[in-house]
Structures are given as structure tokens and as C-alpha cells.
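Asker: Order-wise, the sequence lines are chains A and B. Residue numbers for the first sequence follow this note's numbering, so the first one is 1 and each next one is one higher. Residue numbers for the second sequence follow this note's numbering, so the first one is 1001 and each next one is one higher.
Be aware that a few hints might be false.
Stated by the list, open to error - Straight-line Cα separation of at most 27 Å, DSS-like style, residue types lysine-lysine; simulated pairs:
| hint | chain 1 | residue 1 | chain 2 | residue 2 |
| --- | --- | --- | --- | --- |
| 1 | B | 1133 | A | 264 |
| 2 | A | 73 | B | 1133 |
| 3 | A | 168 | B | 1136 |
| 4 | A | 232 | A | 276 |
If you are wondering where the hints come from, they were derived from the structure by calculation, not from laboratory data.
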Amino acid sequence: MDLNKAAVIEPRYLDLFCEYLYKNMGIYIEPSKKSLLAQKLTKLMNDGGILNSGEYYHFIVSPPISEKQKELKNKFTDTVTVHKTNFFRENNHFEFMQRNIAKIIEESPTIRFTNELRVWSSACSTGEEAYTLSMLLKEILPPGIRAKILATDISPDSIRKAMAGVYKFGPEDNITNYYINKYFTKVGDTWVISDEIKNNVSFRLFNLMEPFPFKNPFDIIFCRNVMIYFDKEVQEKLVNNFYNSLSKNSLLFIGHSESLIQIKHQFTYHEPTIYKKVSK
Amino acid sequence: MNFSKMKIGLKIVLGVLLVELISLASGITMGKNITSHLVVMGCLSTVLISQYIAWVVSDNITKSVKNVLESLSETSVNLTSLSSDLTVTGSKLAAGTTEQAASIQETSSTLEESESMVHQTTQNTKEADSLAKTAKEFANKGNLEMQTMLESMEELKKSSSEISKIIKVIDEIAFQTNILSLNAAVEAARAGDAGKGFAVVAEEVRNLAQRSAQAAKDTSVIIEGNINLSEKCLIVTGQVNDSLVSIKDGTNKVSELLEEISTASQEQEIGIGQINKAISQMEHVVHGNASTAQESALSAEQLTVHTETIGEIMTSLSSLIYGEGKGVASVSSKSSLGFKRFEISKKQSNPISDKPARRQPKLTEKPAKMIASYDAKPSSMGTPEDIIPLGDF
Chain A
1 MDLNKAAVIE
11 PRYLDLFCEY
21 LYKNMGIYIE
31 PSKKSLLAQK
41 LTKLMNDGGI
51 LNSGEYYHFI
61 VSPPISEKQK
71 ELKNKFTDTV
81 TVHKTNFFRE
91 NNHFEFMQRN
101 IAKIIEESPT
111 IRFTNELRVW
121 SSACSTGEEA
131 YTLSMLLKEI
141 LPPGIRAKIL
151 ATDISPDSIR
161 KAMAGVYKFG
171 PEDNITNYYI
181 NKYFTKVGDT
191 WVISDEIKNN
201 VSFRLFNLME
211 PFPFKNPFDI
221 IFCRNVMIYF
231 DKEVQEKLVN
241 NFYNSLSKNS
251 LLFIGHSESL
261 IQIKHQFTYH
271 EPTIYKKVSK
Chain B
1001 MNFSKMKIGL
1011 KIVLGVLLVE
1021 LISLASGITM
1031 GKNITSHLVV
1041 MGCLSTVLIS
1051 QYIAWVVSDN
1061 ITKSVKNVLE
1071 SLSETSVNLT
1081 SLSSDLTVTG
1091 SKLAAGTTEQ
1101 AASIQETSST
1111 LEESESMVHQ
1121 TTQNTKEADS
1131 LAKTAKEFAN
1141 KGNLEMQTML
1151 ESMEELKKSS
1161 SEISKIIKVI
1171 DEIAFQTNIL
1181 SLNAAVEAAR
1191 AGDAGKGFAV
1201 VAEEVRNLAQ
1211 RSAQAAKDTS
1221 VIIEGNINLS
1231 EKCLIVTGQV
1241 NDSLVSIKDG
1251 TNKVSELLEE
1261 ISTASQEQEI
1271 GIGQINKAIS
1281 QMEHVVHGNA
1291 STAQESALSA
1301 EQLTVHTETI
1311 GEIMTSLSSL
1321 IYGEGKGVAS
1331 VSSKSSLGFK
1341 RFEISKKQSN
1351 PISDKPARRQ
1361 PKLTEKPAKM
1371 IASYDAKPSS
1381 MGTPEDIIPL
1391 GDF
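Please work from the sequences and hints to get the whole structure.
Answerer: See the structure below:
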């Protein structure tokens, strides 16, 4: 490797990238995390064969006109966002759903008429959360009611992986053999999710900073370990948008290290990390 | 030097010499002139002798060349075998480092998430700390106000006792007034008609005295109730005071604990941040290693190709010396053995020995995990780029 030809990110462009991330993705880069971003950008530039940080910046911020630029942009999004996820991660949310499914259906003004439980996994990453929900709801929903799950993420690469539904299980995966044997098929050393689970989930590319385009409200929204990357202002805006996209008595699940205590919102606290929309 | 051609030439010369010899013999018996035959035979003998000398010299050279060629051929076979081993090892190393790079990337992602989570927890703890401090202040304030209230209650109890005393005085006055009114009534009766009016007044005074006595009694009961109540109040206020003191102590402890948690999670955050940096540096290095390993695997493969070429050169050299089909066997059979061994070792070698199902990765391909997800048929939704419209949602 020729170290003399390695890319270096100029501080001026590092600041510009921070600004771009905040404005377009809501991601707030703490001053202490700037060096980490610089490392990531340097690697991206080296991989893309671009040595000039100004050139790279313009590649990223301008609308893509070539396949190469599109790929660079996708790689950028994929690298600056974090894709940590597992099956049944932060399991008490799923346990809560299992315990309270009858109540959720009973209290909802729509589920009994539409026979549909609408769930949104708003930052699905590589799809583990959405498929966990699909499997769980398959198990616990009463007959006649089906789950309609929307799973979105900002990273095209993650969505592509999620759509493929091919996984490897590691020690950090909380998934039991029951679910693995029932809903997965082994192909080589990977596991492929079954079509009955896949069919309940629609994957879409979506940036949470954009206006919400939904026609109908959701019954449950999962937005876990996303707001940790946002500042208070962005968090407030996002939580408010979630509130407006939920039906009456519906639920918002947030990450275990998160809390809505520091922001202004209209939700009613239900349990730690579980909030309910009571009015309307 | 082509020995086979030389042998053919030699055979022709020998043939001609034989013919000349027969002619000479027949010439002598028939008494013909044999001079021309002798000249031809002399020339042919010279050629034969020189050929013989050449053959002796070249045979010696051939023997040495053959020895060198054999050693070279053996070395070439060894080299082929070694370079194919090197290719396999290089591929293994490349696959291993690529896998390592993938897992480091995953670790890095996990760490970054953990760092952000710890950061959020730190923020939450700080918030809780400030809330606990506010609660502590309120508890302190409540405690002070409770003290004031306790004093007021004490005052209230005292003033109730004072009122109770005054009521007793009023009761006594009423009693005495009653007696006086009775005396006045007796005196009015003695006075006869003149005292009739006075008797009415005395009766009224008696009524008033009795009403005063009743009112004093009622008031006394109420005051007694008040005294009881203020005593109870004092007890309750004391209990509230105790509770407030406990709350104050509790919030003090909570505040201390939160401060400790806050400090600890800040430390944790810094620690994770450092690990994160280290991991991303490792990531950098591992990525470098991966490409180096791939490069060396490629070089090893090239080495195999070159060694094969050397083998081929050996074969042609040997066929040049021994002639087609001769001497080739020793080199080519050896080299083919060498390649055979390479094929076997290629089949046997597996970059990830504990995962037998996995095929040998090509040097340029991505980690198997990524390939697996890319290769799999995507669902009917199309590619991420063209699914921005949220359809029926």
C-alpha cells in the first residue's frame, strides 16, 4: 500500500461534512466524535480513489449524475450511519407486545374494522427488527388479523440486505431455536427467512428527516437507538412527527438508553421506553 | 546440436563406404584402376574419423547437459509445488483477513452504537442529577416551612389554652350573676308591688346569666376539641417533618449516586471512544492487510504460472537434446506430478476449515457474508433506489 498517496480530509471539509450530516440526516457529530468521522471519510476517499477532500465533498453533496457517484453516495450513507441490530434486540419490548396484544387490538379504533395491525420499523437497518416483529405477530395475533409492517432505513445497502433476508446468527442474537427452525431455511452457512414472514414486511428507503408521506396512521412505531444520534431539536421534531402518524391509543417504542424526558412531546408515559398516544 | 540427424548422416557415410569397399574389392580382383576408389575411401575415412571424434566430444557434453537438465527439472518441479502451496496459503490468508475485516467492521459498528447509548445515558443521568438536586432543594424548603408550621401549631395550642382559661372566668361570672339575680328576685318579692318591675329585670338577668353559662360551656367543649386537634396536628406535623427529613436524606443520596453514575458513565464514554478509535485504526490496518494478502495471493498465483512456464521450457530443451519423445518423459511426468499435487492441495485446502460447505473464494471477491446477501434473490419490491414512493402506506 502506498502511504504517500493516501487521502487526507481537510478540517474545513470535515466541518462541511458535519453540517451536511446534520442538515440532511439529522445526525449530530459531537466535537469528540469528529476524529472518528475523519477516519471514516479518509477510508471512503481512499476506497473511492479520490485524494482531494473538496472533490469528494462535491461528489457527495451534489445530485448523482453517474453510477460511480451514486455508488459513492450510497457508500457514504452506509458508512456514516450505524447498522447495529439483532433479532429480538431489547427483548422486553417484544415481551410487552406479547403480554398486551389483546389490549392493543381492543383499544385501537381501527384494527377491528380493517383487520390489520400497522407497524412501522422506522430505522430497520438490515431488517432484523422488522422480521422479529413479523415472526412475533405471526405467533401472537388472533386469527383474522394480519400484520402489515413497514420497514424503512436511510441506507440503500442495509435495505438491500434486509430485502434479501439472509442472515448469520452470532452469539449476540437473542433468537431462540424455535423461531430459527420455524421461520428460517439453512443455505450453506447462512439462514434465509421464509416467505410467509417476508411477505408481511415492506422495505422502503426513507430518510426520517423528510416529511412523512403516510396515508393512514400506524398502531405501533419502533424507533429504537436512532435518536441517540440526533440533537434535542431534531429529536423533538421527529417525536412530534411520530405522534401525528399514530392512531389513538397507539404506541411508540424507543431504545433502552433513550428517554423523552428532556424534550417537549404529547405522548403519555406508559413504561420506561414505551409511550402512548392517548388523545385524539 | 541434433544428434539424430547426425546419426542419419553417419549411416549414409557408412553405406557409401561399404559400397566403395565392395567396388575396391571387385576392382582388385578384376585388375582395374583402383586409384579413384582409394581417394573416395580416403575422404570417407577422414569424414568417419572426424564424425567419431565429434561424437565422442558431443557425448561428453550431452552427459553434462543431461545432468544439469535433470537437476533443473527437479528444481522446477519443486518450485511448482512450492508456488502452488504458496497460492493456496495466500488465498487462505486473503480470505481470513477479509473475514476479519468484516467482523472488525461489525465490532466497530456495535461500539459506535454503544458509545452513543452511553452518551445518552450520561445525558439522562445528568438530567436526573439536576432533577434530584432540585428535589433536594424543595425538600429542604419544605423542611424549613414545616418548622415554621410546627411553631405556629405550638402557638395555636398555647392560645387555645388561654382561651380555655378565659372561658372558665366567663363561666364563673355567669354563675355568680345567676346567684345575684336570684338574690335580686328575693329582694324584689319583699318590696311587694313596688318591686314587681325589679323582679322582671332580675328574671331577665338570670336568663342572661344562664345563657352565658351555656355559651361558655359550649365554647369550652369547642376549645377542648381545638386543643385536641392542635395536639394531633402537632404529632402529624412532626411525622411530616420526619418524612421530609427522610426525603431530604434520600434525595441527598440519590444526588450523590447520580453524580457517581454520571462520572462513571462519562469515563465509560471516554473509554468506549478510545476503544472505538483503536478499533477503527485496527479496521484500517486489517483492510490494508486484506489487500496485501490479496496482492500476495495474486503474486503467488503468478509465480505458479511462471514456474509452469519454466517446466515447459525444460521440456522443450530436453526434447531438443534427446529428440522428440525421448527424455521428455522424465521432465513432463515429474512436472505433471507436481501439478497433480497442486490440484489435490487446492481441493483439500479450505480457507475456513471449520465451515466445510464453503467454497474456495476467488481472490477478488467480497466476504462471503456480503455475497450471500447480495446473491440472494431480492423480494419483488425492486431495488432500494426505486422504492422511494411509500405505496399503500
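Asker: Decide, hint by hint, whether the structure agrees.
Answerer: Structure-based check of each hint:
1. The suggested pairing of residue 1133 of chain B with residue 264 of chain A holds, with an alpha-carbon distance near 21 Å, which does not exceed 27 Å.
2. For the suggested pair residue 73 of chain A and residue 1133 of chain B, the alpha carbons sit about 47 Å apart, so the restraint of at most 27 Å is broken.
3. Restraint check for residue 168 of chain A and residue 1136 of chain B: not satisfied, since their Cα atoms lie roughly 51 Å apart, outside the 27 Å limit.
4. The hinted pair formed by residue 232 of chain A and residue 276 of chain A meets the criterion: a straight-line CA distance of about 20 Å does not exceed 27 Å.
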